[in-house]
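Protein chains: 2
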Amino acid sequence: MRFASFIFDGVSQALKRNSMVPKVVVLVAVSGGGLIAYSESQSDHGASIVRSSETEPKKKKLVVLGTGWAGTSFLKNLDGSLYDIQVVSPRNYFAFTPLLPSVTCGTVEARSIVEPIRKIIKKKNGEVRFCEAECFKIDPVNKKVHCQANAGSNLNGTGEFVVDYDYLVIAMGAKANTFNTPGVVEHCHFLKEVEDAQRIRRSVIDSLEKANLPNLSEEEKRKNLQFVIVGGGPTGVEFAAELHDFLTEDVGKIYPNIRDLVRITVVEAGGHILSMFDKRITAFAEQKFQREGIDVKLGYKVTKVSDKAITMVDRANTVTDLPYGMVVWSTGIGTRPVIRSFMEEIGQEDISAIFNVADKDNSGTLTVKEIQDVLGDICERYPQVQLYLKSRDMRGLVDLLNDAEGNERKENRELSIEEFKKALAHVDSQVKFLPATAQVSFCTCIHVCFGLHVPTYEYTDEEADTLTVMVLQCFRNMYKHLGSFAPLGGEQTAAELPGDWISIGHSSQWLWYSVYASKQVSWRTRALVISDWMRRFIFGRDSSGI
Amino acid sequence: MRFASFIFDGVSQALKRNSMVPKVVVLVAVSGGGLIAYSESQSDHGASIVRSSETEPKKKKLVVLGTGWAGTSFLKNLDGSLYDIQVVSPRNYFAFTPLLPSVTCGTVEARSIVEPIRKIIKKKNGEVRFCEAECFKIDPVNKKVHCQANAGSNLNGTGEFVVDYDYLVIAMGAKANTFNTPGVVEHCHFLKEVEDAQRIRRSVIDSLEKANLPNLSEEEKRKNLQFVIVGGGPTGVEFAAELHDFLTEDVGKIYPNIRDLVRITVVEAGGHILSMFDKRITAFAEQKFQREGIDVKLGYKVTKVSDKAITMVDRANTVTDLPYGMVVWSTGIGTRPVIRSFMEEIGQEDISAIFNVADKDNSGTLTVKEIQDVLGDICERYPQVQLYLKSRDMRGLVDLLNDAEGNERKENRELSIEEFKKALAHVDSQVKFLPATAQVSFCTCIHVCFGLHVPTYEYTDEEADTLTVMVLQCFRNMYKHLGSFAPLGGEQTAAELPGDWISIGHSSQWLWYSVYASKQVSWRTRALVISDWMRRFIFGRDSSGI
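From first to last, the protein sequence lines are chains A and B. Residue 384 in full-length UniProt numbering sits at position 384 of the first sequence, with consecutive numbering throughout. Residue 54 in full-length UniProt numbering sits at position 54 of the second sequence, with consecutive numbering throughout.
The set of hints was computed from the structure by calculation and includes no laboratory data. Misleading hints may appear alongside valid ones.
Identical copies go unnamed one by one, so any copy, or any two together, can satisfy a pair.
Capping the alpha-carbon separation at 27 Å, the derived lysine-lysine pairs in DSSO-like fashion look like this [claimed, not checked]: (1) LYS192 <-> LYS175; (2) LYS58 <-> LYS123; (3) LYS253 <-> LYS221.
Here chain A stands alone, though its shape is the one from the complex:
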């Protein structure tokens, strides 16, 4: 959260100082690795810099899409009196998403991790308006966002409306990535929203109750009690651990006759769970899960989900069907369609702009040398390029190009614009393998969803410059690896701290409690979360089916 606040602080601060940033469209494009840069200018560079809003007859319209980590951090640090601010989001609250796995089993209540967005924006100086609606189309040409109000039988008409903007902040969050696996949307639970966590909770209890009905064969009982988690990342692992604790500590006692039939299975396509963590943590987690009877299936790829079973193939292409009672799909995040179409619309233009700047001899192709010269700019515009290079220990763009094409490339080979686009697209497709840890999912959330247009090429206005440089510096600072947590159940947490420090066990769990309590967005939610933990210590988790 600190990172998140920090970077959006950057944007906010810049906006504070520059009440007339010359028609820069600030974009926080939310996607699963597809970062995008964009700006719009109507070439009024000559506009005088007016620092007091009194002389400005009308405030600029700033529209913020989304009330997740990005949108909320941005809003909290913005001077509301300088802009005419309109927030649009399908949820009228901010949710502390890192605690969602705790909500699935009632360790923390859903309501304790949400804060009404109106309470947050009420503290701003000026009036900040909020609309509970979903943006389904961004029209950058006419500077409009098309929105649809949440369904409601009492609303007249379709509930569609249009909001004009001068500046737009897109912070809509990502959606769960199903890799287009058939049946996932229909039969699996995701763990992205508060409602998802509530549904999972009800579904767990439903499965237990179903297994308790009379006249069921043991096979049917086992099927109902087979909980499957697809994806061995931090969210999946944390949920598996929470579920295991819930079933052994709380539920087992009151469902004595089915206790021994419950089975939790984690399906992971890679060779290890928690693969983005240090090997020691991975090994500890795998051993702990094995001891506790949590079945970890490594190297299995899910190919289909039906209403009865999950179909998966292992690396030897053997097909296995696993009947299930409940599946949670947690394999990472993907780009929302609205963002994707927006990116497609404007992304190409941007890459062309970089290409033209880099192509100093106007040859229509770039030498590797020419690319190296603009690599700094590329990394600023597409921060994922830098992250990618770093994560793969690559020396520079040559490695990147080799990686993209899969064969050795000579340094003097020239690139056409299509090849250049292909290399960047490759980075985009790979960037999802970067750490997306549970504890720092706020960091993650920002990192994978962050894209900014840097108008350093065309626009040299002082304001624009200050703004964008600050934002980019924030972004780079943001991704410093400041530590990750992976709660493993049984009051044990694995923590990966800077400087190759690894801490696993009960002490890390207490560190986790402290960090999560301190990172709450308000004193109210902090008090509620802490009192939920206390309630859990005293009374255990509730297992009512509501």
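We have chain A already, so just place chain B on it with the hints.
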């Protein structure tokens, strides 16, 4: 709750002492005033009374339908080792329903008022089994109940199953009574279940958010912000008061631009709200509501609810349409179809039995004198008759017959069995006007839903006698008027205490807090409810749309 426990204690105690009550079917028929009496005997009066279960090879099967007040109180006081107990209910928890109005606005959380039924039955000696399913048919001839498991895509087949019983306790609760008004089921919220309260809460926030959308005319905003409560009984009044507090204390601050457009309307068919309370309370409540701007429409009967508006007629038959954003329908309770059909199946037999006993001269008709002679028995079998007579200040059955037929009847007129049934049916239809107060809705819940067969006619076994006499005494004790509360909002409550004591104001509110805290079913829920109240005092109510 004391009353509830008391009466079910009675049943439980009797069952404890008599481990072989001769095939008496104990029926706690749940209905909106339709009390029913029934028993089944297979004439094995000679069976020896066995007090120790060791000599009995197989325990009798006791099936309890429902986990509301009646079912839970019964279970809590039953010796689980004496019977083979199976509980069937669509909800795997007990809910403290008197706090439902508080849940609608987040004064108390839904989860704080529920206790898993498995936790309650775990404390019993023997094994008590529970199935989450709904009973849809009772077959008294074959002593079976037909059940349907809660819908679930992963359950094979239809989810139907059959449970055998020796003794059956029906405590399924009533359903909301719509008086067959068109559109009520489709467009109105009820306030009977925990889920209802949660839906109402979301709907209130939805209405506020809808009214905040851009491009709405003031008329449309007002429509979305028109909250209607149909029914001026204690539940409706308490909900109206809670809603008013929520909107003024918590929501108004963060929705400043629509604060003044909100309107709460209570529609009551009678001449006063809270008509079952003392006149001083009614007057105080009506004046308080008027001061606070809550619109109370007296003498209006709702004839239709469409998706846009409520249609109602006043006493002069003038038709009014009231556009609304949300309606809560709270006009009392009715009989569930499964109970109704069961009652129809066996009720007729029972009335015939009474008739035959009363008809000493076998004339086929009853003189009023003959009825007077068995009035005591009638009142035992149909407790609502006694309540009804008492509530109307009637001297005896003559008044009742007059009331039923609407004209004077001579004392020497004789009644055919059809006329006798008609008179009893009239009582059934009228009994819903008896007090059904919010505070003592546990009492209410029991009172209107309580029916027991009293096998004093046919079966004189010691066991049966002990059991039924105890139960009936409990029932009569239960209805002693031991006080009612009507929370009116703004930390004020009206209390009607025994001996014509009326207390209205803040002190009664504190009495209310104490009583409700003390009446919680477990220490866990008690702690949760109290901490919810404290949270509310400190942080206010949450207004997130979840």
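Hints and how they fare:
{"no.": "1", "hint": "LYS192 <-> LYS175", "result": "within (7 Å within a copy, 36 Å between copies)"}
{"no.": "2", "hint": "LYS58 <-> LYS123", "result": "within (22 Å within a copy, 69 Å between copies)"}
{"no.": "3", "hint": "LYS253 <-> LYS221", "result": "within (18 Å within a copy, 51 Å between copies)"}
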